[in-house]
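S.K.: Read off the chains here:
There are 2 protein chains.
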Amino acid sequence: MTYNGVERDGQTRTQGGYSNKIVADENYVLRIPDNLPMDRTAPLLCAGITMYSPLMHWKAGPGKKVGIIGLGGLGHMGVKIAHALDAEVSVLSHSLKKQDEAKKMGADKFYATTSSDQESFEKLKGYFDLIINTLSVEIDWNRYLNLLTLDGTMVVVGLPENETPLGAASLINARRSLAGSVIGGIRETQAMLDFCSKHNIASDIELLQIQKVNEAYPRVVKSDVRYRFVIDTKSLD
Amino acid sequence: MTYNGVERDGQTRTQGGYSNKIVADENYVLRIPDNLPMDRTAPLLCAGITMYSPLMHWKAGPGKKVGIIGLGGLGHMGVKIAHALDAEVSVLSHSLKKQDEAKKMGADKFYATTSSDQESFEKLKGYFDLIINTLSVEIDWNRYLNLLTLDGTMVVVGLPENETPLGAASLINARRSLAGSVIGGIRETQAMLDFCSKHNIASDIELLQIQKVNEAYPRVVKSDVRYRFVIDTKSLD
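Chains as they are written, first to last, in this note's numbering: chain A, 11 to 247; chain B, 11 to 247.
This is chain A alone, in the form it adopts within the complex:
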């Protein structure tokens, strides 16, 4: 593996993106378009492609209603990319706190999903063509599947620790699907970079020196990041 694995020499520990230098097979190298700033592009190679791949595969585009669950590192890239694809984008978030930021990113609508807010769930029944669930905590999938229209799909890109109870009725009504997706291939990642270049999309980040990672980490755990931390590798020198 890239991080904390073992190099081909059988003994050196791998350092992945924390390396000063790296030798890579040319088939696994990507071209960063000139108009994309390096720091704000780094998260595209994970959060960007993780959202771009299912949005393309399940055909987000004009006339499609896309819901993004969670507005973190993944979710905020989903909003930007789905908006650039001309889909109608709704954010389903715990509270309305990030509403203004989401709208600046291109969200058309914003809904709170706290358990007290039954209204959002009533109003949105059968509404979405595609929902992407970016959360890595367990949520009630049945509740969200009911928001899908005929042949709608909910795609899970986060990895909750525990299994989630699912009722067959949530799928059988309206021929809905629950699917999963994980990052994307090299060709598709290059297509994503070129797409972001064309639409001037990059990640919202907080740039930090590597010496500050121990201060940053508790904020990652608390989901208190707008919207990705990026380490300036110059600070490694």
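Hint data in this document are derived by calculation from the structure and do not stem from the laboratory.
These figures come from a predicted structure and were not determined experimentally.
It is possible that some hints are incorrect.
Chain copies aren't distinguished; within one or between two, either way the pair holds.
Stated by the list, open to error - As a list, the in silico DSBU-like pairs of lysine-lysine whose alpha-carbon atoms are at most 35 Å apart:
hint: 1; residue 1: 244; residue 2: 133
hint: 2; residue 1: 232; residue 2: 133
hint: 3; residue 1: 232; residue 2: 107
hint: 4; residue 1: 31; residue 2: 107
hint: 5; residue 1: 135; residue 2: 69
hint: 6; residue 1: 133; residue 2: 69
hint: 7; residue 1: 74; residue 2: 133
Use these hints to put chain B onto chain A, whose structure you have.
M.R.: Below, chain B alone, put in the same frame as chain A:
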């Protein structure tokens, strides 16, 4: 509703298929092709279309590997239709008891899924393009999702009473989908009847007089039917 509901007069109880006569809107009437025997065709209008619809929607056909979980009223129709569509058909059944019957219906392969038979599940990892789960009891969906190849789909057509725990990893690996499907529309039901007529497909049945339903019912509960009971409405006179 068709059965045990209330007629438009607001008081008469509906009798559905147990009626001697029925008045129907012409848009909801189907044509039974001449070469299909009435008794063996009756179950096509439920079990037949329930299997035909997802097999068509998820494109079962030449080169596709289709798994059918359960060989009952639904499953045996799934085998016949998927075979007529030129897909490779495997039955995943509790035991090997029905193996010979399944092969006569067109099954290419037959696997036992009892918990002792880990071998089937190891051997079939990533094998199927499409699995249709006809069971109305809870099974471990994760175990079966692992049998799907890239972009494979498992379709649930039965309705288990309880929710089933599902792990995100089962979906995320290989971009798998878990979907649901329920019977089909009138146009598609006519297409199914015409398809069955062309391929000489009908349901395997046990025909019975309505006076015997109380004897038949315990056998339905025990899944001891080959493969659908059909009531001869002549016996109503």
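S.K.: Take the hints in turn and mark each one as holding or not.
M.R.: Against the structure, the hints come out as follows:
When the C-alpha separation of residue 244 and residue 133 is checked against a cutoff of 35 Å, the pair qualifies neither within a copy, at 50 Å, nor between copies, at 50 Å. For a Cα distance limit of 35 Å, the shortest separation of residue 232 from residue 133 inside one copy, 30 Å, qualifies, whereas the shortest one across copies, 43 Å, does not. Taking identical chains as interchangeable, the C-alpha atoms of residue 232 and residue 107 lie at most 35 Å apart only when both belong to the same chain, with a minimum of 15 Å there against 55 Å between chains. For the homomeric pair residue 31 and residue 107, neither the shortest alpha-carbon distance inside one copy (41 Å) nor that between copies (62 Å) is at most 35 Å.
Proximity of residue 135 to residue 69 under the C-alpha cut-off of 35 Å is found in both arrangements, the shortest distances being 21 Å within a copy and 28 Å between copies. Taking the closest pair of Cα atoms, residue 133 and residue 69 come within 35 Å of each other both inside a single copy (24 Å) and across two copies (34 Å). Only within a single protomer do residue 74 and residue 133 lie at most 35 Å apart by alpha-carbon distance; the minimum there is 18 Å, versus 40 Å between protomers.
In summary, the structure is inconsistent with hints 1, 4 from the numbered list given earlier, while agreeing with the others.
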